[in-house]
Amino acid sequence: MKRIKLGLWIELAATIFGIACVLAVFFVTVGAASRDDSDGSEQSAAITSQAPSSPSAKSAAMAPRSAEAQPYEGVVTDTHCGAKHSADGALSAAGCTRSCVHGGQHFALVDGDKVYVLEGEAEMLKQAAGERVTVMGRLNENTISVASVRLPAP
1 MKRIKLGLWI ELAATIFGIA CVLAVFFVTV GAASRDDSDG SEQSAAITSQ APSSPSAKSA
61 AMAPRSAEAQ PYEGVVTDTH CGAKHSADGA LSAAGCTRSC VHGGQHFALV DGDKVYVLEG
121 EAEMLKQAAG ERVTVMGRLN ENTISVASVR LPAP
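When you line the sequence shown up against this note's numbering, it's residues 1 to 154, in that order.
To be clear, the hints were calculated from the coordinates, so they are not data collected in a lab. One should not assume that every hint holds.
[As the list claims (entries may be wrong)] SDA-like, lysine to any residue: derived pairs with alpha carbons at most 25 Å apart: (1) LYS126 <-> GLN105; (2) LYS5 <-> ALA24; (3) LYS5 <-> PHE26; (4) LYS5 <-> ILE16; (5) LYS5 <-> THR29; (6) LYS84 <-> PHE26; (7) LYS126 <-> ARG98; (8) LYS5 <-> ILE19; (9) LYS84 <-> GLU131; (10) LYS5 <-> ALA69; (11) LYS84 <-> VAL117; (12) LYS84 <-> PHE27; (13) LYS126 <-> VAL115; (14) LYS5 <-> GLY31; (15) LYS84 <-> PHE17; (16) LYS126 <-> HIS80; (17) LYS84 <-> ALA122; (18) LYS84 <-> ARG98; (19) LYS126 <-> LEU151; (20) LYS5 <-> PHE27; (21) LYS126 <-> THR143; (22) LYS5 <-> VAL25; (23) LYS84 <-> GLN105; (24) LYS84 <-> VAL30; (25) LYS84 <-> ASN142; (26) LYS84 <-> ILE16; (27) LYS126 <-> HIS102; (28) LYS5 <-> VAL28; (29) LYS84 <-> SER99; (30) LYS126 <-> ALA94; (31) LYS84 <-> GLY112; (32) LYS84 <-> ALA14; (33) LYS84 <-> GLU68; (34) LYS5 <-> VAL30; (35) LYS84 <-> LYS5; (36) LYS84 <-> THR15; (37) LYS126 <-> ALA69.
[Said to hold, decoys possible] Pair ranges (Cβ atoms, derived): (38) TRP9 <-> VAL30: 44 to 52 Å; (39) ALA69 <-> PHE26: 23 to 31 Å; (40) GLU119 <-> ALA20: 19 to 27 Å.
Fair warning: this is a prediction, and the values are worked out from it, not measured in the lab. Even for Gly, the Cβ is constructed at its ideal location relative to N, Cα and C.
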């Protein structure tokens, strides 16, 4: 009699374990598939939730992965300092940006609360450091591939 009860418990435990394994594999598969499908939509949701402050930010919110160059407005800075440069005042915003980029950081475009990493056209970006500009480029995630940089007319 004890053997029957023991066998029943072992069989029950094995069945529950098997069901748990099948469910675990199922949830991992569904989770991985939903992550792959939502990469762009999560980025889009993150961009739109930050209340775009300019027309260029609105266009970025509409198309997080743009195939054509579009305008983006903001201040050229670096990924280390963003909108807030060194408080000691020894360097201007332009000088601080150039120093940080020389030290290994990337150029960035700050538009309100949003910071875009800038790739390409390093010489143009170096000249525009610390200035409010219009960048023409393609957006991919939070990185803009720069095609041109235009300073505002004086």
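### Violations among the numbered hints, reported as their numbers in ascending order
2, 3, 5, 6, 10, 12, 14, 15, 20, 22, 24, 26, 28, 32, 33, 34, 35, 36, 38, 39 and 40
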